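Numbering follows my numbering, in which position 2 of the sequence shown is assigned residue number 2; successive positions increment by one, without gaps.
Keep in mind that the hints were calculated from the coordinates and are not lab data.
Restraint-style ranges between C-beta atoms, simulated for each label pair: (1) Arg198 - Arg308: 58 to 68 Å; (2) Gln81 - Arg156: 14 to 24 Å; (3) Leu78 - Ser240: 23 to 33 Å; (4) Ala269 - Glu345: 24 to 34 Å; (5) Lys266 - Ser22: 34 to 44 Å; (6) Ala379 - Pro182: 53 to 63 Å; (7) Val303 - Asp180: 47 to 57 Å; (8) Phe87 - Asp180: 39 to 49 Å; (9) Val137 - Ile66: 17 to 27 Å; (10) Ser240 - Ala117: 43 to 53 Å; (11) Gly134 - Ile66: 17 to 27 Å; (12) Asp180 - Ala83: 47 to 57 Å; (13) Glu195 - Thr378: 43 to 53 Å.
Okay, derived cross-link-like pairs now, DSSO-like style, lysine-lysine, Cα gap no bigger than 27 Å in a straight line: (14) Lys412 - Lys202; (15) Lys273 - Lys412; (16) Lys266 - Lys412.
Model, not experiment: these values are computed from the prediction.
Where is the CB? At the ideal position from N, CA and C, for every residue including glycine.
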Amino acid sequence: MLWLCVPIGAPLPLLMQVVEASSTQLGLLSASWQAAMLVQIPAALISERMRRRKFFWAAACIPHRILWGAPALIPILLPEQRAQWPFWIIASLSLSNVFANLGTASWSSWMADIVPAETAGAFWSLRQRAVSAGLIVGTAWYGWILDHQTSPESMRGFQWVFLLCALFGISDILVHLLVDEPAPARVADGIPLRERLRAPFKTPGFGALTLAMAFWTGAQSLVGYTLALPGFFSMVHLHSSFGANYSQASYLFISAALGAAIFSNKLGAWMDKAGAGAVMQRLVFWAPISLLTWWLAVPGEAVCFGHRFPLAVGWMAVTGLVQGGLYVGTLLCQFRLTQMHMPNEGRTVAMALHWSLAGLGGAVGAFCGGWIKGAIETAGMPAFLGGRYAYDVLVLLHLLLAWCCVLPLCRKLARADLSFLRSA
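Whenever a hint applies, use it, and build me the whole structure from the sequences.
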């Protein structure tokens, strides 16, 4: 988490703002994270023929983590070409995302084999509390570093943050190599490629789950959420519209991580009892409603214990507790549902298909979010919405997409989940 809170938290979007990247470029960078998931499919086909998944994963992810140090090196290598920094940052991090996704399906399949199905809800709940603790510590630390750089336009703070990000990312891989790996279920030789790709869709619930998650990932990416946590557009919105500094902009991320840790304490038992599909249905309904609190964020300052901060930061930090719990809850439900609706044989390819298609939806959502935000900022806010912000329009579109496209599919998953619980 000490590396992951840089890609999905405040440092990356705030870096892009300092190098004067446009809203479209910001959306393109977010979309590259999701679109790169498509490489999971050929990577899964290769790794299923290997005896050990974790070494394939490590070999792919080491260059992925090293490339996250690129934003620290680009100002040194190209000091006189500042206008080109956004292009080179996007290019290097997009390449990093490709390497990352070469190993993602192997990691997902490996984790699914480790976690017992009957207690998976409790496990993901416990894991989320540990993850949230790392996110909170890392985000606060990196925010402090960024606020203590020499000047608002200096890259020194960002250079330190991204070098540390790469260091911790490689350390994460080394720790994972100590984790046990059960022998994967082998795929019979001679099965045509088309059959291997079609096989997961014959598993009940796989198609509905994958389509639902493609829409849901797209809906989240539209408002700049990555892995169910706020980032990209929301962080930039706090910084540019309400004057939040780097640490203050990260309060929302810290609050969401804390809310996720608190809510996940109950979520695991709820999933194991009621079924992840039923829980997912309720969370997808309420999560977009909680995001409407952005419409109540207004300019102004507040003072608490002698600390002065934008009023919008305080308001969103409080409501972020609820948002973090609900949105991370949907991610944990997705982990649980993928375990339920994946075949044991050919699981790595099935995981790759699921996350690739979900990522494709996220890429479309992220790019559209950046394009819509940039278009509104250029043309002005629609008259019927008053003097609001472009980000508020994205929030409304997020709600419509979630309720009109994701909820109907979640109802099907809830019925399939009920049958699974009865048979268990």
